[in-house]
Each structure stands twice: as structure tokens, then as C-alpha cells.
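> The primary structure of each chain is shown beneath.
Number of protein chains: 2
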Amino acid sequence: MSKRRTMAILADGMLDFHHGKTATSILRYRPSDVVAIVDSHHAGAVSQDVLGIGGQVPIVGDMSDALKYRPDELLIGIATRGGFLPPEWRRQIALALQSGVDVVNGLHYMMAEDTEFKALARRHGAQIVDVRRVPENLSTSEMLQHRAGSHVITFVGSDCAVGKMTAALEMRQAADARGLSTAFVATGQTGIMLEGSGIAIDRAIGDFMAGAVENLVVEACELADWVFVEGQGSLLHPAYSGVTLALMHGSLPDAMVLVHPPGHRQIDDYPVTIPSLPRVIQIYEEAAGWIKPARVVAIALNTRGLSNQEAARAVRQTEAETDLPAADPVKGGADKLVDAVLAALTPAESSVSGA
Amino acid sequence: MSKRRTMAILADGMLDFHHGKTATSILRYRPSDVVAIVDSHHAGAVSQDVLGIGGQVPIVGDMSDALKYRPDELLIGIATRGGFLPPEWRRQIALALQSGVDVVNGLHYMMAEDTEFKALARRHGAQIVDVRRVPENLSTSEMLQHRAGSHVITFVGSDCAVGKMTAALEMRQAADARGLSTAFVATGQTGIMLEGSGIAIDRAIGDFMAGAVENLVVEACELADWVFVEGQGSLLHPAYSGVTLALMHGSLPDAMVLVHPPGHRQIDDYPVTIPSLPRVIQIYEEAAGWIKPARVVAIALNTRGLSNQEAARAVRQTEAETDLPAADPVKGGADKLVDAVLAALTPAESSVSGA
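Chains Y and A supply the protein sequences, listed in that same order.
So for the first sequence, the numbering used here puts the first residue at 1; every next one is plus one.
So for the second sequence, the numbering used here puts the first residue at 356; every next one is plus one.
Here chain Y stands alone, though its shape is the one from the complex:
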């Protein structure tokens, strides 16, 4: 096995949990691989100070400063609206390529096709990896059966960037720890960077989105009994609702987990009010049910920014309001949510027959 690669993360001016969700997820799940963060707004600080995660990873003001930490690759750690490349980042990316540092990019903007970047990469022996590039041979979904004995849990959210991937990873980890056979299906750029496989389904052609998810899920069901499918977007999001529905109907979940930050009342950047949680649950169950019934069986709360006391209150209120188990899997562990999924999807008879 080759040695682990070290990375610098470009997050200039956007090192926060919303726009910088790729950066923060890498810092959460692969902290030891990160040698530097490029963000002129917080240069001189360390990751832990700014984000509360990632430990002593230094934040530097420019890619030229990051080079002395000898990264193997520069990871573009930010999701811009529409996935476009802000022009002010070009210099940083060029600097990396000129130094032979590979660039790993999750934007819609395909850097490997950029004339300048392509030439620099060739000249200096660097690779450009566009994580969102989808395979050429996608096709429409066929409603293939999942392997008997496998269970698909799809993550849905009240909005984009609320922690659907994180909840799925935490629950998968907790299920793993119990010795269950698990898989994580990555459907977005960050999930793919972490898992090393998957398809960015928001980049797939409309007609092939559901088919792309179906293939990933059917394959995962062959390998594992408990398949956790990273969600995308939200049915309540004017721009991305179609991606969300394709993901739901392509994955044909047996159960859903709803991810929500308590108090989040409006879709970010859009004049759309998020209804009450029971109504959000109803919306997801309604939409799943057009093709195949599936229940929301647990609520993963994202209580970032709340005190422990406030978070505990949010959990109690959510459980009272929805009559479902709720927990923040990052703060409180994911066991309670895994219990809820097992209770919902494991028939009572099977535990009897197995006894």
C-alpha cells in the first residue's frame, strides 16, 4: 500500500462550515493528512481555533507559504454557488501545479480542461483530479431489486449543507463498531474524496441521475447488509430538488434519516420557508412513496453552534414534536440513530429465528 498523501486545503475567504464543507469534512475525518490550510482571512491561526476541529493544522495566507509543509496535493475545499471557479483562486492553483503539487477539485468547473492548468500540469508533472467528473457510460434507472438481506438508508435534509454526509458517515461508523456489515455510498464530491469511490450525482445528466445512484446502491448492497447513502440537496430547495428526488428514487431506500439544524427556518439564500419537522417528514415520505414506501425513522440533528444544554433541549423538543428518536451524531454519538434504523428494518421474527 502506498504511503498516505498529504494535502493542503484551499479555502481562501470561505473557511466556514457552510461554504467550506469539503474542507471541514476532510479536517474532521482525515485530520492527520492535512498539512496546511490556505485562507488569507485567518492566516497565522490554526484549524482548531477557527473551526473547533482539525487540531494544530496551520492556516497560511498563500499557496507559496503552504509549499514549505510539502503537500502532495492541493484540495479545493470550498463549494461555490453553481460550482464555478472564483477567478482570484487561479493564482493559488497555478502556484500548486508549478510546484508539482497535484490538484484535487470538487467544483463543477473542470480544471483538467482548463487550458492554462492543463499546460502547467503537463509541464510540471502534476495531476489534476476533477472529482465531480462522472463516468461516460451512465444510463437510466431500471428499478433493480436490492439483494435480499441488504437494507438501504438514504439521508435527506431540510436544506443543502446541513450535515447529511456527516450523519451518514457517523452512523456507518457506529454500525461498523457493532460488527455489522456496512457500506457508505458517496454521491457528492466530499464523500468521494473521503471514500475513494462514488459519483457526484448533481453533475450527472438529468436523465441518468437516478440510474447512477441505482448502480452505486445495487453494487453496495451486494457487498454489505447496511448501506448508508449520502444525500444531496433538499426537496425544499428550488435549485436542487430534482437532484434530491432522483437520488431518493434511484436509491429506493428502506428507511430515511432526516438531517436538520434546529432553528433553521429558511432555505439558505432563497425565500422558501422550511415547514415544521413533522411536515418535512411527511414531504419526504410522500415523495418516496410515489415509487416505493419508506419511512423517516430518525432525526439527525446538527446542533453546531449550540451549547450542550441547548443541544439537549433541541433533541428533547424534536423527539416530542416528531415522535422519533433524535440525536446529534457528531456530539452525542450515532448509536441511538443506529438503534432506530435497526428497530425499523429488522423484523422481530429474524431476531427470534436467530436466537
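It should be emphasised that the hints constitute simulated quantities derived from the structure, not laboratory data.
Careful: at least some of the hints might be erroneous.
To be verified - Sample of chain A residues at the chain Y side, in silico, Cβ under 7 Å: (1) S494; (2) T495; (3) M498; (4) G561; (5) P593; (6) A594; (7) S596; (8) H604.
Claimed, not checked - Simulated restraints on C-beta separations: (9) A:H396 / Y:Q266: 53 to 59 Å; (10) A:A398 / Y:F84: 23 to 29 Å; (11) Y:Q266 / A:P702: 24 to 30 Å.
Each residue gets a CB set at the ideal place from its N, CA and C atoms; glycine is no exception.
Chain A: place on chain Y using the hints.
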């Protein structure tokens, strides 16, 4: 203005209303431009015999036979599952290009990128037009306001290929005939071929589908008061529901028209049951309402294959079942449906203040 171009239509082995919906729509709306149909299964017959439309257009067994009718272009008249090119059609297409006949293609398969076709086109001075190719500069939707005074009517269906485009074109024509200011927004390959503009949104990248529709609709609302938006897919379709939802949320309709073939009880090729019409209406109103409320205000029935008596009975039954005006716009005219839209979207005061 240049002279109208004549076309041959390739529909080999699939000259029916379902797979051949492009062919049949061109024959319905531009019959005088079609000089021949290539279909070995019906060679020797004329269009009217096989399809009941298109008059005396000859059906020939091979592109070499079509050449004597001197077409300017060969139009690929068939929608294959997934939009792939059946290998047995390559010879016909190559024959056209070798004779300097342009090829107009609505499949997902991009013929202009096909090495063989590209070389033939260059050598023989023929053009290849891939109608489904989407613009490079698409972006996410922003929930832009439509011009005050404009009305958006989006067409939705119980399944794919049930006549959503036809209903929209017929209603637009009937509204035109009343002197109303109208526009038709083409969102699929056939609509684009007929209208000469539009975007094949099922070909757009997932994240940009709603934005692509939004742009088309906002532009149309600047030009016309009554904007009829061609629908795609169905919320009940496992493979295409995401495209449909993106189209609904991107177009932000003021009203919807539901298109349905009476008696159609299951999604074609998929084990999904189509529920009762009141439930289908509820599903569409539910999904629209997540972002902006909109009612289904009329039912366009597609009674192809029914006798006039059966069709009249289906209209009566549908109206009793749904409490909405219903009509087959192809057989019975679209005036009743246009009346329903006007009644739903024209405030009573405006007719008073205009008196």
C-alpha cells in the same frame, strides 16, 4: 427568409406513437416539410395508413431510397431508452451524410462527436445538429420573479410520452387564435425541433436543470402573457422524476395542466402503478407547493386509440372524478382547456376594470 427545408425521418422499426414521438409530432405539425420516412417494417405504405396522420408521405425501406425525394436533412425520429444510438441505424446515417444530407439528432448520443460521422460530414459538406446539446453556461436557479402580467402554465403527466408537448402546443395555438400573447417553452428535443429554440433539460447537468428552465421561462415571460411550458417525464417515473421536479420548480408555474391517457394504469416498462387521477393531481400540487403553490386546473386527455364515443365517455368520467374541465385537445380542440386556464388565472376584477 430562406426556403423551408425538406426532411426525411428515420424511424426504422419503431414507427409508433410511443417510441416514434418525434416522428409523429413532426408529421402532425410540419407535415408539408416531410418528403419520406425510412422504416423497413412499413416500406411501401404512406404515413396516413400507418399512423393516421401525415397524409401521403411515402415510407421507404432504406435511406438510399429516401434520397430520390431529395431531403435537405435526415431527422432521427425516435426516442430510444436512455437515448442511445442503435448500431443498426449507423448505416442509414452514414448514407445520409455521404450524400451531403444534414442530420438532425435528438438522442442523448452526440453524433457530432462520433469519429466516423464527423469525418463523413466534413468530407461531404453535411452538418450534424445534436438538438439535445445544452449550452455550456448553465447555472443554478435563483427563483427570479416572472414579469407581472405574465402567466406560466406547466404541463405534467401521469407518465412519459403521454402527449404533454402536444397538449401544450394545441393550447398555445388555441390561445393564439383568440389574439392572446403566447409563448411555448420547449424543454425537449422534439419541442426544440418544432420551435427552433429551447433546451433539452433532461440533458442538463443535475444542478443546472432548474436554472435552465428558469432562464427559458423568465425570458418567455418578458415576451408573452401566456407561457406554455412543455413538461418532461413524470413524478411517478422512477428514472425521470428528478427531471420533472426540476422542471416544475424551475418554471414556478401559476397553474398546471395534467396530461393522461385514459386507462393507462402503469408506468411503461416499470412496475409502478399509476394511482387515481385525483391522487395524481394531489401529487403534483403537493410537489409544486413545497416551493410555490400551483393548482392543476385542467386535464388534457390523450384518447388516441379510442372511438369518439369512448373518448367522450372518458372525458365525462374524468370530469366527474376530478371536478376539473377535461378534453382531448387533439380530437376535440383545446378551447375548453384554455378557458379553464383563463378562468383560474385571470382575476375577476381585471375583466371588470377592462370593461
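> When the nearest CB of chain Y is found for A:T495, is that gap smaller than 7 Å?
holds (4 Å)
> Report holds or violated for the interface hint on A:P593, using the least CB-CB distance to chain Y and a cut-off of 7 Å.
Where the cut-off is 7 Å and the nearest Cβ of chain Y is about 5 Å from A:P593, the hint holds.
> Taking 7 Å as the limit, does the beta-carbon of A:M498 come near enough to a beta-carbon in chain Y?
Status holds, d = 5 Å.
> Tell me if A:H604 is really an interface residue toward chain Y, meaning its C-beta lies closer than 7 Å to one of theirs.
The hint holds - A:H604 has a Cβ within 7 Å of chain Y, the shortest such distance being about 5 Å.
> So does Y:Q266 sit 24 to 30 Å from A:P702, Cβ to Cβ?
holds (29 Å)
> For the hint on A:A594, does the least C-beta distance to chain Y fall short of 7 Å?
holds (4 Å)
> Given a hint of 23 to 29 Å, does the C-beta separation of A:A398 and Y:F84 actually sit inside it?
Hint violated: Cβ distance 52 Å, outside 23 to 29 Å.
> Could you check if A:S494 really has its C-beta closer than 7 Å to a C-beta on chain Y?
holds (5 Å)
> Okay, A:H396 versus Y:Q266 on CB: inside 53 to 59 Å?
holds (57 Å)
> With chain Y as the partner, please determine if A:S596 meets the hint condition of a C-beta pair closer than 7 Å.
holds (5 Å)
> May I ask you to test the interface hint for A:G561 with respect to chain Y, counting a Cβ-Cβ separation under 7 Å as satisfied?
holds (4 Å)
When the structure is compared with the earlier hints, a violation turns up for hint 10 alone.
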